[in-house]
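Engineer: Letter by letter, the chains look like this.
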Amino acid sequence: MRKTSIIIVAIGLAGTTAALAQQKPVVDPARVDAAVKAAFPTAPADWQARLVPDETMKQCSAHGNSPPKAISGAIQKREMATIQYPADGKFLGDWKNGEKLAQSGYGLRFTDYPPRQVNGGNCYACHQLTKQEVSYGTVGPSLLGYGKLHEFKQADVKAAYEKIYNSHATFPCSFMPRFGANKVLTIEQIKDIVALLMSPESSVNK
Amino acid sequence: MELRPTLIAAACAAIAFSSIAFAQDAETEKGLEKYRQMLKQDPWSNPGLLDSDRGEALWKTPRGPKNVSLEQCDLGKGAGKVEGAFAELPRYFVDADKVMDAETRILWCMEKLQGFNRADLVKKPHPGGGQPVKELGAMATYVANKSSGLKFAPKAQHAKEKEAIALGKVLFNRRSGPFDFSCAGCHSAEGTRIRLQGLPYLANPKEARKVVGEWPAYRVSTTHVMTMQHRLLDCYWQMRMPELELGSDVSVALIAYLNKTAEGGTISAPGLKR
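Chains as they are written, first to last, in my numbering: chain A, 1 to 206; chain B, 1001 to 1274.
Rather than coming from a laboratory, the hints here were simulated on the basis of the structure.
Keep in mind it's a predicted model, so treat the numbers as computed, not measured.
Treat the hints with care, since some could be wrong.
Straight-line alpha carbon distances no greater than 25 Å define the calculated DSS-like cross-link-like pairs of lysine-lysine that follow [as the list claims (entries may be wrong)]:
| no. | chain 1 | residue 1 | chain 2 | residue 2 |
| --- | --- | --- | --- | --- |
| 1 | B | Lys1123 | B | Lys1077 |
| 2 | A | Lys37 | B | Lys1206 |
| 3 | A | Lys37 | B | Lys1162 |
| 4 | B | Lys1160 | B | Lys1060 |
| 5 | A | Lys58 | B | Lys1124 |
| 6 | B | Lys1040 | B | Lys1098 |
| 7 | B | Lys1151 | B | Lys1210 |
| 8 | B | Lys1040 | B | Lys1151 |
| 9 | A | Lys148 | A | Lys96 |
| 10 | A | Lys131 | B | Lys1098 |
| 11 | A | Lys90 | A | Lys37 |
| 12 | A | Lys90 | A | Lys163 |
| 13 | A | Lys206 | A | Lys153 |
| 14 | B | Lys1123 | A | Lys37 |
| 15 | B | Lys1098 | A | Lys37 |
| 16 | B | Lys1040 | B | Lys1162 |
| 17 | B | Lys1134 | B | Lys1155 |
| 18 | B | Lys1060 | B | Lys1034 |
| 19 | B | Lys1034 | A | Lys131 |
| 20 | B | Lys1060 | B | Lys1040 |
| 21 | A | Lys37 | A | Lys100 |
| 22 | A | Lys163 | A | Lys206 |
| 23 | B | Lys1034 | B | Lys1155 |
| 24 | B | Lys1124 | A | Lys37 |
Isolated chain A, as found in the complex (with noise of 0.2 Å):
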């Protein structure tokens, strides 16, 4: 008796030794931050923020992109609330402009300053959108007749908005940039992609 119960708490403490190590992170958080910051030297002060990872990202990265309930409910709620509506109420612009913006990767990199055009959603890099377009990417899903499956409904118009402009209210830790918060893309940009999306006369949807 008295053996087994030795080997049981043995067995106890082992797995609280491993649970112990996996807890403790692998490298000191402080020593990643200070490699990331000598290893872009010529990064302006207003650059500094890039190098940082928010609350959220910190979160995404630290459970691999899919959060335990809790974490996630928290991404959310705190994501959603950065949605800033168009003052209008109409999420529809025009698709045909969201198309361009479906294009073009332009903006942000470091040989895209001064800005010689408008920012990008370069929405070809990740998905599949129109028959027409062949060079589309495969990371995110194919949104080919997104439109049409989701009936056009009002709804999902604004479904698509809030995704657009910032993922992670719908989906925590998606890999799709939170074009609206991080202000990739203004709100008229945003609107005239939901177009490209759910608009009956969209290419996407015909």
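Following the hints, complete the assembly by docking chain B onto the known chain A.
Structural biologist: For chain B alone, coordinates are given in the frame of chain A:
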């Protein structure tokens, strides 16, 4: 009830639609594969080999303020020994008290042995489109080529080597910048692509072993050899991050992580890329 035929028609259309899209995907992929095969058919057609030769000449020529060659440069296997050195890099070097990859080590030797100014060398270390790879990159191509056919065998024994690999893994997964990107965002799934460019699943040893050993590689689209340090800078550029410094701990750690993940994969540098 009247809606039903419409619904069925719509469903049929949707099915037809997706199979067309699927056929189109397969067709595009076939075209891409044919292009890759044509590039690979004649290994001597790889212009990167010219840069490897240029690198060898540079390595052996007395240069710099001290007018010495790099034949006394220790790449980890003893002064002057180039054969097989690349396969074990990055590694810890006592003289520098740092873990270094091939390019960082060549940079160090250029500074310490030949007397070049480090700041000058890291200022614009990579070629623009259409320009040939710079001297340091040509020598890195030569050094990598001298391990061609060997397998990646990083030692990963010294505490600092282990730390570099661990740091590289953290950096690979670290999301930041206005696009929230990390390396993992594009390289943590099988069979995905950006536009038509396939993305290797670099966190997966099976895929890392296939592609990591192709760098430095000749890039057809930019008509020059691109080194791994340059490749990483380009990734960070797309991630909307600032300019990654050649020889920084971040670049070395990422290379340490990639080479460790690719352990056992065959080196075939310079490779040939789109």
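Engineer: It remains to establish, for every hint, whether it holds in the given structure.
Structural biologist: Checked hints:
1. Taking the CA atoms of Lys1123/B and Lys1077/B, the gap is near 29 Å; set against the 25 Å cutoff, the hint is violated.
2. Distance hint between Lys37/A and Lys1206/B is unfulfilled; the C-alpha atoms sit about 32 Å from each other, more than 25 Å.
3. This hinted pair checks out: Lys37/A and Lys1162/B have alpha carbons roughly 21 Å apart, not beyond 25 Å.
4. For the given pair, Lys1160/B sits about 31 Å from Lys1060/B by alpha-carbon distance, which is inconsistent with the 25 Å threshold.
5. With a C-alpha separation of about 32 Å, the suggested pairing of Lys58/A with Lys1124/B is violated against the 25 Å cut-off.
6. With a C-alpha separation of about 37 Å, the suggested pair Lys1040/B and Lys1098/B falls outside the 25 Å cut-off, and the hint is violated.
7. At roughly 11 Å between alpha-carbon atoms, Lys1151/B and Lys1210/B fall within 25 Å of each other, so this suggested pair holds.
8. A hinted pair counts as satisfied when its Cα atoms are at most 25 Å apart, and Lys1040/B with Lys1151/B qualifies at roughly 20 Å.
9. A C-alpha spacing of about 17 Å is found between Lys148/A and Lys96/A, which places the hinted pair at or below 25 Å, so the restraint holds.
10. For a cut-off of 25 Å, the pair hint linking Lys131/A to Lys1098/B is broken: about 52 Å separates their Cα positions.
11. This hinted pair does not check out: Lys90/A and Lys37/A have alpha carbons roughly 42 Å apart, beyond 25 Å.
12. With a C-alpha separation of about 16 Å, the suggested pair Lys90/A and Lys163/A falls inside the 25 Å cut-off, and the hint holds.
13. Taking the CA atoms of Lys206/A and Lys153/A, the gap is about 17 Å. The hint holds against a cut of 25 Å.
14. A C-alpha spacing of about 17 Å is found between Lys1123/B and Lys37/A, which places the hinted pair at or below 25 Å, so the restraint holds.
15. A hinted pair counts as satisfied when its Cα atoms are at most 25 Å apart, and Lys1098/B with Lys37/A qualifies at roughly 18 Å.
16. Between Lys1040/B and Lys1162/B the CA atoms are separated by roughly 35 Å; this puts the pair beyond 25 Å, and the hint is violated.
17. Only pairs whose Cα atoms come within 25 Å are accepted, and Lys1134/B paired with Lys1155/B is rejected, the gap being roughly 29 Å.
18. A hinted pair counts as satisfied when its Cα atoms are at most 25 Å apart, and Lys1060/B with Lys1034/B does not qualify at roughly 39 Å.
19. In summary, the hint linking Lys1034/B to Lys131/A is supported, as the alpha carbons are separated by about 23 Å, within the 25 Å threshold.
20. Taken as a hint, the Lys1060/B and Lys1040/B pair is broken in the structure, with Cα atoms around 30 Å apart against an allowance of 25 Å.
21. With a C-alpha separation of about 36 Å, the suggested pair Lys37/A and Lys100/A falls outside the 25 Å cut-off, and the hint is violated.
22. The suggested pairing of Lys163/A with Lys206/A holds, with an alpha-carbon distance near 22 Å, which does not exceed 25 Å.
23. Distance restraint check for Lys1034/B and Lys1155/B: the Cα-Cα separation of roughly 37 Å exceeds the 25 Å cut-off, and the hinted pair is therefore not satisfied.
24. For the suggested pair Lys1124/B and Lys37/A, the alpha carbons sit about 19 Å apart, so the restraint of at most 25 Å is met.
Violated hints, in rising order: 1, 2, 4, 5, 6, 10, 11, 16, 17, 18, 20, 21 and 23; the structure is consistent with all others.
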